[in-house]
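Asks: Sequences listed follow chains R and X, in order.
When you line the first sequence up against our numbering, it's residues 1 to 347, in that order.
When you line the second sequence up against our numbering, it's residues 1 to 347, in that order.
Think of the hints as simulated: they come from the structure by calculation, not from any bench.
Warning: the hint list may mix true and false statements.
Result set (EDC-like, lysine to aspartate or glutamate): computed pairs, CA atoms no more than 16 angstroms apart in a straight line [what the hints assert, rightly or not]:
#	chain 1	residue 1	chain 2	residue 2
1	R	Lys108	R	Asp257
2	R	Lys261	X	Asp275
3	R	Lys261	X	Asp272
4	X	Lys261	R	Asp257
5	X	Lys261	R	Asp272
6	R	Lys261	X	Asp279
In silico contact screen, one side only, chain X against chain R (beta carbon under 8 angstroms); selected entries [as the list claims (entries may be wrong)]:
#	residue
7	Ser130
8	Ala176
9	Asp177
10	Val204
11	Val210
12	Leu211
13	Val218
14	Thr224
15	Gln227
16	Leu229
17	Thr262
18	Ala295
19	Arg298
20	Met299
21	Gly300
22	Leu340
Heads up, the beta-carbon is just placed ideally off N, CA and C, and yes, glycines get one too.
Number of protein chains: 2
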Amino acid sequence: MNGHNLSKRELPPTCVIGLGLIGGSIMRDLAAAGVDVYGYNHSRSGARAASREGFDVHDDLSSVLSRAASDNALIIVAVPMHAVEDVLDGIALYAPNCGVTDVVSVKKSVYDLIRERGMQLRYVGGHPMSGTEDSGWGASREGLFTRAAWAVTYDYAVECDNAGRRVPADWIELFADVCELARICGAEAVPVSVAAHDEAVARVSHLPHVLAEALAIVGDRGGTLAQSLAAGSFRGATRVAGTEPGLVRAMCETNADAVVKTIDEILVLLQDARDSLADPDRPSIEQLAGAGYRAATRMGARKGARAESVSPVKISSRPVMRIQLGAPGWVKALRQTESLGGRIDVF
Amino acid sequence: MNGHNLSKRELPPTCVIGLGLIGGSIMRDLAAAGVDVYGYNHSRSGARAASREGFDVHDDLSSVLSRAASDNALIIVAVPMHAVEDVLDGIALYAPNCGVTDVVSVKKSVYDLIRERGMQLRYVGGHPMSGTEDSGWGASREGLFTRAAWAVTYDYAVECDNAGRRVPADWIELFADVCELARICGAEAVPVSVAAHDEAVARVSHLPHVLAEALAIVGDRGGTLAQSLAAGSFRGATRVAGTEPGLVRAMCETNADAVVKTIDEILVLLQDARDSLADPDRPSIEQLAGAGYRAATRMGARKGARAESVSPVKISSRPVMRIQLGAPGWVKALRQTESLGGRIDVF
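Only chain R is shown next, with the shape it has when bound in the complex (with noise of 0.2 angstroms):
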């Protein structure tokens, strides 16, 4: 095998289990993009609201999956957390050659059900970093992922490597097919392991929750005069509390131990900060907004080249590695790629 090419290739049937705003929106893209996709809902109202729209939904689990294993579909897990482990007992059930993916927002705890059910073989985590503060299909829209990263994760790869056995072909196609549904979104991909990703979104999207909580209850304390006279940086800081409750703790409590790390970092900041203000000659916060800054204007450069141009032609910021999937020292390769938080892109 001389590694697999990316470009030109055609998605199999795909099967969205799950359409909430994310599934919804994938659904959507999928469809525009002429790719057969069918789905189902568990909420009877969401199915018919879809179907309603022409897509091609249903509201019973075992026929939809049924239907995948016949035409050996991408299945695309967009449920919530707690209704994976089902969902994949389904998958078992009655599509066990199907190869998986889903969209939950931590990589671990989903990782940790494939495992227990031997499914690493064909399991390819995503993780679609878009969203708004809004759920349900009533929420999906087309273009949700236009330039967003979609974390794909690759420990399959990094244990066979390790172990001296190579990757099988089959997982290298799936790995291949959810980068495709990436690009068909519109979106990145970001190859990342399952430990990494958790660690890094702890940091960039569950901590923004968890202040956005904190600051919504301060501010909300200060009682309609605060109301009255918050402006953009509140409403900036605070949008996420927005987010429906359930939702912010599921992505919290599954991701605990690299969320409460998080915390404990910004515990520190803010302690050190709160010291050096409270000194009564000389209150000062001089380190941490230089500090601050520094970091802001960092992210910011890195992040330029992605902000909304008048060119028609966007280039993304994120570097492109291409790496021929199969080929010699290709996972050696993914791991490059994510420690620059690069993109595959189709070459």
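Following the hints, complete the assembly by docking chain X onto the known chain R.
Replies: Here is chain X on its own, set in the frame of chain R:
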């Protein structure tokens, strides 16, 4: 005296000292409304840039203040906090008859300087609650304050009231002028005492800046992978970390007592959430997520009508209070308006 009517006022000439983001934007709004406005800028390059755009701007403070004195102008102090003392000394020397307001983001530090100089009779503090992470004349623009709250302080009236004295007519005229200034700039005048202002903005403006700095640092520690995966929740929560550190220091260090208090509040919330999430048997963030969501919902409901609307007629959600300035009970009415975060509108 039967009270002053705010409608159909005409502003006296206005003299803006300091033409950065806020002062420059005020000058643009006043000029667009046909008010006779001129100004001073410490930096010659800023003054020249404003002059080239046709504004009446000079770089000699004493001569500008002398002109204000002969015009009986309203002076708007729009310099950073550290420069306020020198400007007030200049006003005492060259324009001792003029009414003075300011736009500094803390009010006690300014009022202390006013008291030291015995200038309470001709001072009404102001703070337009709008801005961006950019600064300087180059960042100023017409319309920056549209629909923003513009805090207007009234401590001198309370002091008179408490002492059983009539509030002098000159001060009432000045208060009305500052409310009219806010109206011309498209903002809503919210009466607020110095202490209540500083406590409220610590919650909804200064604390968000502190959190943004700290979160930027924690995110940056995640390296390029975390940067690559960062999406809307991180961007929204760290936007103001791009503010020039000197401005963040000025607002927090001159309002240190109130900011320390809010940091202490959020430290307790975060420590509790951390401990509950670190429970090895049942990691939970239920309490914070629930309370944060309820707080965000309350504040959102209150702000709903201020969201962008497709209707050309903008309706403010801040309650309007009709106050006859100087009429019996009017200071008490200002206090009631403050407790509701209400606005004084033209009537």
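Asks: Work down the list of hints and note, for each, if the structure agrees.
Replies: Quick rundown of the hints versus the structure:
Distance hint between Lys108 (chain R) and Asp257 (chain R) is fulfilled; the C-alpha atoms sit about 11 angstroms from each other, no more than 16 angstroms. Taking the CA atoms of Lys261 (chain R) and Asp275 (chain X), the gap is near 11 angstroms; set against the 16 angstroms cutoff, the hint holds. Restraint check for Lys261 (chain R) and Asp272 (chain X): the C-alpha separation of about 14 angstroms stays at or below 16 angstroms, so the hint holds. As the CA atoms of Lys261 (chain X) and Asp257 (chain R) are separated by approximately 29 angstroms, the hinted pair breaks the 16 angstroms bound.
Between Lys261 (chain X) and Asp272 (chain R) the CA atoms are separated by roughly 14 angstroms; this keeps the pair inside 16 angstroms, and the hint holds. The straight-line distance between the Cα atoms of Lys261 (chain R) and Asp279 (chain X) is roughly 13 angstroms, inside the 16 angstroms bound, and the hint therefore holds. Hint on Ser130 (chain X) holds. Least Cβ distance to chain R is approximately 6 angstroms, under the 8 angstroms limit. Taking 8 angstroms as the C-beta cut-off, the interface hint given for Ala176 (chain X) is violated, the closest approach to chain R being about 20 angstroms.
At a threshold of 8 angstroms, the smallest CB-CB gap from Asp177 (chain X) to chain R is about 21 angstroms, leaving the interface hint violated. Interface restraint check: Val204 (chain X) against chain R, minimum CB-CB distance 4 angstroms, threshold 8 angstroms, status holds. Taken as an interface hint, Val210 (chain X) checks out: its beta carbon lies about 6 angstroms from the nearest beta carbon of chain R, inside 8 angstroms. Among the interface hints, the one on Leu211 (chain X) holds; its C-beta lies about 6 angstroms from the nearest C-beta in chain R, closer than the 8 angstroms criterion.
For Val218 (chain X), the interface hint holds, the least distance from its beta-carbon to any beta-carbon of chain R being 5 angstroms, beneath 8 angstroms. Taking 8 angstroms as the C-beta cut-off, the interface hint given for Thr224 (chain X) holds, the closest approach to chain R being about 4 angstroms. Restraint check, Gln227 (chain X) versus chain R: the minimum CB separation of about 5 angstroms is within 8 angstroms; hint holds. Hint status for Leu229 (chain X): holds, given a least beta-carbon distance of 5 angstroms to chain R, under 8 angstroms.
Hint status for Thr262 (chain X): holds, given a least beta-carbon distance of 6 angstroms to chain R, under 8 angstroms. A cut of 8 angstroms between beta carbons decides the hint on Ala295 (chain X): the least distance to chain R is about 4 angstroms, and the hint holds. Taking 8 angstroms as the C-beta cut-off, the interface hint given for Arg298 (chain X) holds, the closest approach to chain R being about 6 angstroms. Annotation: interface hint on Met299 (chain X) holds; nearest CB of chain R at approximately 5 angstroms, less than 8 angstroms.
For Gly300 (chain X), the shortest C-beta to C-beta distance to chain R is roughly 6 angstroms, which falls under 8 angstroms, so the interface hint holds. Below 8 angstroms, beta-carbon pairs count as interface contacts, and Leu340 (chain X) has one with chain R at about 5 angstroms; its hint therefore holds.
Comparing the model with each earlier hint shows violations of hints 4, 8 and 9; every other hint is respected.
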